[in-house]
Amino acid sequence: MAEFDFISNDKRQGGFFTLSFFILLTLFFVFSFLLNPVVSKIEDSNLKFLLILLPFFLSIIFFSIYLKLFTNDLNFKLLISSNKKINLKKIGFAFFIWFIVLTILLLIKFIFQPSNYFFHFNVFSFLILSIISIIFVSFQAFFEELLFRSLLLKAFSFKKNKIWFTILFSSFMFSIMHLNNPEIIYIGYIVLFYYFLSGIFLSILTVLDNGIELSLGFHIANNLFGSLIITNKWQVFQTKALILDKSLPKFSWDIWIILVILYPFCIFLYCKVYKRSFGLIFA
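Counting from 1, one number per residue, gives the positions in the sequence shown under the working numbering.
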């Protein structure tokens, strides 16, 4: 049972969460700026991938130090869940559901277009990639959920009658964060539409579930799938995943299936499993 409303705060607290949002974002930009010259010189794909993810990890570490030094009773638990303990089962459930969904979609695509997929597996390289991904991709997903679904939603939560404004603004900022992703160059700005609707979906999960556990589980599954299972030559994660997608970059049918059918289905499923009402969004 929830102890408090996860995103409900007064205006003074909203100012604190706004400041925290900019502190975390600034940490990320600083570490990215410092590491980018090194990343550009690295040839090994696993090491390059690690260095790309390192700013997210370091930002979280230094942000936790900021919380400990400058706040009295705020810790990561209160930024993740409204319950006494972080519900790892929720994170695991959301992870499992979305990983299975992505696997099914990939199998369908493989059945109809097998020539688009090339399998390659090197035991040692994949083992290293798995360790990097499980640890650092999880931190990368946590960073984005903390930034956009926790801090930013909390920053504007004092506008109680404007929950949709808060959701839309957070989702807009989430999409802008991905402006430098290489798929924008190959596919076009329609990719931002995908990120924007994904942000809305994850924000709705956060509001409905009174925490970021479900959105975090979903986000980790989505990004791990893109780093370990399948990759291509034009996405943001350039790894030696199990499968290389050789198809031309495009806003394909499976993305529309995700946006139009699977996101609403997941919201419905999570509401049923955890006995939440979609009406909370309009309360």
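Worth flagging that the hints you see were computed from the coordinates, not collected in a lab.
All C-beta atoms in this analysis are idealised placements derived from N, C-alpha and C, irrespective of residue type, glycine included.
Be aware that one or more of the hints could be misleading.
To be verified - Simulated crosslink set (BS3-like; lysine-lysine; CA at most 25 Å straight-line):
{"#": "1", "residue 1": "77", "residue 2": "89"}
{"#": "2", "residue 1": "250", "residue 2": "233"}
{"#": "3", "residue 1": "85", "residue 2": "272"}
{"#": "4", "residue 1": "84", "residue 2": "275"}
{"#": "5", "residue 1": "41", "residue 2": "250"}
{"#": "6", "residue 1": "109", "residue 2": "89"}
{"#": "7", "residue 1": "272", "residue 2": "41"}
{"#": "8", "residue 1": "233", "residue 2": "109"}
To be verified - What follows is a list of derived Cβ distance ranges for each label pair:
{"#": "9", "residue 1": "62", "residue 2": "84", "range": "23 to 29 Å"}
{"#": "10", "residue 1": "62", "residue 2": "100", "range": "45 to 51 Å"}
{"#": "11", "residue 1": "124", "residue 2": "278", "range": "45 to 51 Å"}
**Request:** Measure nothing beyond the straight line between the CA atoms of residue 77 and residue 89; if it is 25 Å or shorter, mark the hint as holding.
**Result:** Cα-Cα ~15 Å, so holds.
**Request:** Take the C-alpha atoms of residue 250 and residue 233, compute the straight-line distance between them, and say whether it is at most 25 Å.
**Result:** holds, 12 Å
**Request:** With a cut-off of 25 Å on the C-alpha distance, tell me whether residue 85 and residue 272 pass.
**Result:** Holds, at roughly 22 Å.
**Request:** Decide if the proposed pair is consistent with the structure: residue 41 and residue 250, CA atoms, cutoff 25 Å inclusive.
**Result:** Outside the cut-off at roughly 29 Å; violated.
**Request:** State, for the Cβ atoms of residue 62 and residue 84, whether the hinted interval 23 to 29 Å holds or is violated.
**Result:** Since residue 62 and residue 84 have Cβ atoms about 27 Å apart, the given range 23 to 29 Å holds.
**Asked** Keeping to a limit of 25 Å between CA atoms, is the pair of residue 272 and residue 41 held or broken?
**Response** violated, 49 Å
**Asked** Can the restraint linking residue 233 and residue 109 be considered satisfied, given a maximum Cα separation of 25 Å?
**Response** Since the Cα atoms of residue 233 and residue 109 sit roughly 18 Å apart, the hinted pair holds (cutoff 25 Å).
**Request:** Mind checking the hinted window 45 to 51 Å against the Cβ distance between residue 62 and residue 100?
**Result:** The hinted range 45 to 51 Å is violated for residue 62 and residue 100, with Cβ atoms some 35 Å apart.
**Outcome of range test on Cβ distance (residue 124, residue 278; 45 to 51 Å)** = Given about 47 Å between the Cβ atoms, the range holds.
**Restraint status (C-alpha distance of residue 109 to residue 89 at most 25 Å)** = violated, 30 Å
**Request:** For the pair we were handed, residue 84 and residue 275, check the Cα-Cα distance against 25 Å.
**Result:** The hint holds at about 19 Å.
In this structure, the hints that do not hold are numbers 5, 6, 7, 10, in rising order.
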